[in-house]
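K.L.:
Construct all of the structure, not just a fragment, from the sequences and the given hints.
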Amino acid sequence: MTENQPGPRAPGPKPNEIAPLSLRIFRIVWDSYRIPLRVEFRFDRDDPLVVSVTFRPEGGPPVTWWIGRDLLHDGLLAPTGIGDVRVWPRITRGRPMLRLRLERCGMRVLFELDLHRVEDWLFETYDLVPPGEELTGLDWDALVANPLEDH
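Count along the sequence shown starting at 1, add 5, and that's the number in the numbering used here.
Only true hints are included.
Pair ranges (Cβ atoms, derived):
#1 D119 x A147: 35 to 41 Å
#2 R29 x D89: 22 to 28 Å
#3 G111 x E22: 36 to 42 Å
#4 E22 x P136: 15 to 21 Å
#5 D36 x T59: 21 to 27 Å
Everything labelled a hint here was simulated from the structure, so no lab data went into it.
Everything numeric in this text was worked out from a predicted model, so none of it was measured.
Just so it is clear, CB atoms sit at the ideal spot from N, CA and C, and this is done for glycine as well.
P.N.:
Right, here's the structure in full:
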């Protein structure tokens with residue numbers, strides 16, 4: 006095999022996909038008490054307005070939230086979000102971190118994540134589907150017709 010010929014491909018995402026981001030994060034119970042858990046971020050180019058975030062607590066079932074991609078991006082820079090999802094940057098122990106607060110039915114949970122890892126992964130999603138192009142190619146007629154045909 007010459008240098009210019011591709012070798013066997015390593016398993017991984019297809020050219021039009023992005024590998025999920027798997028992180029160890031912390032649930033913040035109070036500032037001095039943190040519970041580690043795994044989380045996985047996924048991006049689907051067919052649903053580019055959101056990213057899915059699956060929390061995998063040890064000994065518990067996985068829980069998935071869908072968070073607006075732009076909301077997550079804006080939270081890298083400044084506090085953002087109202088209602089169920091809030092995101093903001095923070096320096097913790099000298100490191101840039103991302104805080105993510107989720108709320109449902111009056112219950113709140115706060116997580117802390119590595120800001121740079123989320124930022125790098127998120128920018129890959131923008132390389133795949135640039136900002137402002139999320140709805141390009143959407144068949145609006147089919148979108149409107151399908152719900153009407155189903156009823």
